[in-house]
Amino acid sequence: MNKRMLLPGSLLTCCVLLQLAYAQKNQHIYVANNSPLALTAKAIVIKRAQIPSIPTGAFYPLILSAKGDTIPAQLDDLNRDNRWDELFFVVDLPARFTQKFSLEWVKAKPAFIKRTGVRFGKRSSASSPVRPANNEIMYARDMPKSLGFQRYQTDGPSWENDKVGFRHYLDGRNAKDVFGKRVSYLSPEDVGINAAGAVEDNYHVMAAWGRDILAVGNSVGIGGIALMKRDSIMRLGVTVDDSINNVEKTTFSIVSEGPVRSLMNFKYYNWKPGHKSYNAEETVSIWPGMYAYQNTVKISGAESNEQLLIGIVNINAAKPPIEIKVGEKFIALISHEKHAYNKEWWLGLALILPADTYLGFTEAPKKGKLSNSYLARLKMSGKPVSYYAVAGWELSDEGFKDPAYFSKYVVNLAKQLAAEVKVTVR
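Numbering (the working numbering), first residue to last: 5 to 430.
Treat the hints as calculated values from the structure; they're not laboratory data.
Every value quoted in this text rests on a predicted model; they were computed, and no experiment measured them.
Where hints are given, some of them may not hold.
In silico DSSO-like links for lysine-lysine, alpha-carbon gap of 27 Å or less [unchecked claim]:
| # | residue 1 | residue 2 |
| --- | --- | --- |
| 1 | Lys104 | Lys373 |
| 2 | Lys302 | Lys342 |
| 3 | Lys323 | Lys383 |
| 4 | Lys233 | Lys280 |
| 5 | Lys342 | Lys373 |
| 6 | Lys387 | Lys302 |
| 7 | Lys149 | Lys51 |
Derived Cβ-Cβ restraints for the label pairs, each shown as a range [what the hints assert, rightly or not]:
| # | residue 1 | residue 2 | range |
| --- | --- | --- | --- |
| 8 | Gly201 | Ile326 | 18 to 28 Å |
| 9 | Arg381 | Asn416 | 22 to 32 Å |
| 10 | Lys383 | Gly72 | 42 to 52 Å |
| 11 | Ser39 | Arg234 | 21 to 31 Å |
| 12 | Asn346 | Leu41 | 33 to 43 Å |
Beta carbons: idealized from backbone N, C-alpha and C, even for Gly.
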């Protein structure tokens, strides 16, 4: 008798659960590519507010294509308030086509192959081993020359995707270097440290994954920033020979390190290259499929007669970069040279810059605090400026030996980045 009485309730519970599961399985993401281009590894960002009916508690997105393939995705908490802000994934999209994906929320976090990563380690003394870290605060006197030792693994954080890697000199120089990759998997976590856990420059020799390849010197590398006031070029930070930084306080944090996107944030407080003080911020991000990273820069305290400078090192350059306008959105500044150490390999470098703020480029002196650089000039309006820094090594893709091939790659990448997609969730 009791079993017969419980049966309808059990059926009702099952029906409710099935309806809930059915409702979640029928939440869909529609991504419309209205451009005439087929898009490869297109970054899709969906704000939290765009998604209806997000379940409460710890749930993770499971995205499936129309064919039933799982699309690697991640949730990013950008302001670090323990509440995710964006759902991110990358997809290939046919031209003039709307792709449909199903979205489910699951309790178990899906495991995906990592195609992006950030590596950062530091030590507290010359005799202490390097430990992994997610953030750092550095003050003006925390320079290697003052401390007597290099505090950071690979001189600062490095980041990569399946195509290329980069690193930022957090030790006061704030230049950006290139790790050339010969493989699609991520490079080892112990790059830049030895078996004893000490900082060691072991990445300027070839390894199975690749190596550091760019000759940087006193330039800002590829995508590093500076300011120009009239004809004066002002470096963000100092050189390896300086004991005191021109930035009072620098902070670094890993915002997110996921399978398909990694983000970092750098803040520079009371940057005083002359008689005036500025605050600056960089947000660096990388996702799979491109030989590039994105940087978003904001300068506080700049005046209308000052310009943001973004660099391409020219230590090994024989000719100026070329400028190519790509649609209405971007200008590509391209330098195809043997930019690698001792001119050993072809290494194309490029900047993909916003056309509406681009003012041309200038050249830094051959000597000085900031030297050996072509510097793109951008006007500033107080709003953040986003651009892309590109590096194509011949051992990553043999086609990069050819200047026409590299230029075509950069132009196509700019077109891909400029193509807008419409995302709807319902």
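To see whether the hints hold, each was checked on the structure:
{"no.": "1", "hint": "Lys104 <-> Lys373", "verdict": "violated (52 Å)"}
{"no.": "2", "hint": "Lys302 <-> Lys342", "verdict": "violated (32 Å)"}
{"no.": "3", "hint": "Lys323 <-> Lys383", "verdict": "holds (25 Å)"}
{"no.": "4", "hint": "Lys233 <-> Lys280", "verdict": "holds (11 Å)"}
{"no.": "5", "hint": "Lys342 <-> Lys373", "verdict": "holds (24 Å)"}
{"no.": "6", "hint": "Lys387 <-> Lys302", "verdict": "holds (6 Å)"}
{"no.": "7", "hint": "Lys149 <-> Lys51", "verdict": "violated (44 Å)"}
{"no.": "8", "hint": "Gly201 <-> Ile326: 18 to 28 Å", "verdict": "violated (45 Å)"}
{"no.": "9", "hint": "Arg381 <-> Asn416: 22 to 32 Å", "verdict": "holds (25 Å)"}
{"no.": "10", "hint": "Lys383 <-> Gly72: 42 to 52 Å", "verdict": "holds (49 Å)"}
{"no.": "11", "hint": "Ser39 <-> Arg234: 21 to 31 Å", "verdict": "violated (41 Å)"}
{"no.": "12", "hint": "Asn346 <-> Leu41: 33 to 43 Å", "verdict": "holds (39 Å)"}
Figure legend: structure checked against the earlier numbered hints; hints not met, in rising order: 1, 2, 7, 8 and 11.
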